[in-house]
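2 protein chains.
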Amino acid sequence: MQTEPIQNLIQELSKLPGIGEKTAERLAFHLLSRQKDEVLRLADALRDLKEQVKSCGSCYNTSDQDPCAICSDPKRDRTVVCVVEQMQDLWAIEKSGSYRGLYHVLHGRLAPLDGVGPEHLTISKLVDRVRKGDVAEVILATNPTMEGDATAYYLRSALAAPNLRVTRIARGVPAGGSLEYSNRTIVADALQGRREL
Amino acid sequence: MQTEPIQNLIQELSKLPGIGEKTAERLAFHLLSRQKDEVLRLADALRDLKEQVKSCGSCYNTSDQDPCAICSDPKRDRTVVCVVEQMQDLWAIEKSGSYRGLYHVLHGRLAPLDGVGPEHLTISKLVDRVRKGDVAEVILATNPTMEGDATAYYLRSALAAPNLRVTRIARGVPAGGSLEYSNRTIVADALQGRREL
Chain A
1 MQTEPIQNLI QELSKLPGIG EKTAERLAFH LLSRQKDEVL RLADALRDLK EQVKSCGSCY
61 NTSDQDPCAI CSDPKRDRTV VCVVEQMQDL WAIEKSGSYR GLYHVLHGRL APLDGVGPEH
121 LTISKLVDRV RKGDVAEVIL ATNPTMEGDA TAYYLRSALA APNLRVTRIA RGVPAGGSLE
181 YSNRTIVADA LQGRREL
Chain B
198 MQTEPIQNLI QELSKLPGIG EKTAERLAFH LLSRQKDEVL RLADALRDLK EQVKSCGSCY
258 NTSDQDPCAI CSDPKRDRTV VCVVEQMQDL WAIEKSGSYR GLYHVLHGRL APLDGVGPEH
318 LTISKLVDRV RKGDVAEVIL ATNPTMEGDA TAYYLRSALA APNLRVTRIA RGVPAGGSLE
378 YSNRTIVADA LQGRREL
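If you're matching them up, the sequences are chains A and B in order.
Heads up, the first sequence is in my numbering, so the first residue is 1 and it goes up one at a time.
Heads up, the second sequence is in my numbering, so the first residue is 198 and it goes up one at a time.
Calculated directly from the structure, the hints in this document are not laboratory data.
Hints may be right or wrong, so weigh each one.
[Stated by the list, open to error] Chain B stretches covered by chain A per the calculated footprint, using a threshold of three residues with CB under 8 angstroms from any CB of chain A:
1) 205-215
2) 224-235
3) 238-247
[As the list claims (entries may be wrong)] No more than 27 angstroms apart at the CA atoms, straight line, and that leaves these computed lysine-lysine pairs for BS3-like:
4) B:Lys292 with A:Lys22
5) A:Lys95 with A:Lys125
6) B:Lys233 with B:Lys272
7) B:Lys212 with B:Lys251
8) B:Lys219 with A:Lys50
9) B:Lys292 with B:Lys247
10) A:Lys22 with B:Lys322
11) A:Lys15 with B:Lys233
12) A:Lys15 with A:Lys36
13) A:Lys95 with A:Lys50
14) B:Lys251 with A:Lys22
15) B:Lys212 with A:Lys95
16) A:Lys15 with A:Lys54
17) B:Lys272 with A:Lys36
18) A:Lys36 with B:Lys247
Every residue, glycine too, gets a C-beta built ideally from N, C-alpha and C.
With the hints as extra help, turn the sequences into a complete structure.
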């Protein structure tokens, strides 16, 4: 005879990606053994996620303010816009500490087979933004996958304008990787993208 | 620049066992993309866990009522008490559908090296319960580990009384397992515990 609140929690937890029934059970029993305030902090964090997070009207990054902290930061270079598929990619770039421009989050990539066309992404907003702003360069940082590449090519045409540089992130052997364990696409990319030393 | 509510949630999620920062991030982004009511259901389930779950004053199973649903079920056999280390074990036995008696949850096992003595478990409550009730058999279902065995031996002495059967769950090769892949303790247990066919 299983207790309803525990059963409920297990059911809700097992809806999360990568969390099966067994893991959900383990998590629920762990939470049962924790202090009440610790569990409530998690409950509140979930609530706040949905109640406080909105979308930035400029770059479509999710944020607790609009415009978001990046768009409203006076120290960022407003002449460069880096286009990413999703927020996670933006975070990855921010964590690298190697970029000081603005972003534009597409919220997906073109995937005709899944019925995702340009109208499902924030592409027209990007085009408007670039047209009216003083953007000098758009960096296409969609992933180096078939769909990411297709999205980049589409964006290059959509954005084409005099005095606008449209660039694509580099692809090659990842830092710390080796040629030996790279597949042939990676090796081909690395050779094709070679640069003067 | 990461949004505070998302950061918060990632931090809370990564406190859970087996969930590292990367998984917490993935879960948070997943939740961000879900409907609000779905996320709030999870938040509420967490809150209810701490607010509605109490301990049964008889068997120390956690439950939303006291006595718990098992102890108050008139169809269960009140002359048999199965002693388990933790609630998860009780659930496992219930799921097997092979037991119709009552339970007693110790909330741990004797572990002198970790400073867990009889006074940290619900052992004295079990002894009182067996002494005053009409219990005919106590099944010791602590795990077949060193500490589970030690706890069982301790309980056998503590419970010893005329007209009381104290039994221990069987150990051997698990159903579906094979001798070939069983370790020598399992094989020895299986041989030692052999029964007439």
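> Lys292 (chain B) and Lys247 (chain B): Cα distance at most 27 angstroms?
Replying inline: holds, 24 angstroms
>> Check whether the Cα positions of Lys95 (chain A) and Lys125 (chain A) lie no farther apart than 27 angstroms.
In response: holds, 26 angstroms
> Holds or violated: the region 238-247 of chain B covered by chain A, criterion of 3 or more residues with Cβ-Cβ distance under 8 angstroms?
Replying inline: That given contact holds, which follows from 10 residues of the region 238-247 of chain B lying within Cβ reach (below 8 angstroms) of chain A.
>> So if I understand the rule, the pair passes when the alpha-carbon distance is 27 angstroms or less; does Lys292 (chain B) with Lys22 (chain A) pass?
In response: holds, 13 angstroms
> Given the hinted pair Lys233 (chain B) and Lys272 (chain B), is their alpha-carbon gap at most 27 angstroms?
Replying inline: Given that 27 angstroms is the threshold and the Cα spacing comes to 42 angstroms, the pair is violated.
> Count the residues of the region 224-235 of chain B with a beta-carbon closer than 8 angstroms to any beta-carbon of chain A: does the count reach three?
Replying inline: That given contact holds, which follows from 8 residues of the region 224-235 of chain B lying within Cβ reach (below 8 angstroms) of chain A.
> Is the hinted pair Lys219 (chain B) and Lys50 (chain A) satisfied, with a Cα-Cα distance of at most 27 angstroms?
Replying inline: holds, 20 angstroms
> Keeping to a limit of 27 angstroms between CA atoms, is the pair of Lys212 (chain B) and Lys251 (chain B) held or broken?
Replying inline: Distance ~24 angstroms between Lys212 (chain B) and Lys251 (chain B) Cα, so the pair holds.
> Does Lys247 (chain B) lie within 27 angstroms of Lys36 (chain A) when you go C-alpha to C-alpha?
Replying inline: holds, 6 angstroms
> Does Lys22 (chain A) lie within 27 angstroms of Lys251 (chain B) when you go C-alpha to C-alpha?
Replying inline: holds, 23 angstroms
> Are the Cα atoms of Lys15 (chain A) and Lys54 (chain A) separated by 27 angstroms or less?
Replying inline: holds, 24 angstroms
>> Just to be careful, I want the Cα atoms of Lys22 (chain A) and Lys322 (chain B) compared with a cutoff of 27 angstroms; is the pair within it?
In response: violated, 31 angstroms
Checked against the numbered hints above, the structure breaks hints 6, 10 and 17 and satisfies the rest.
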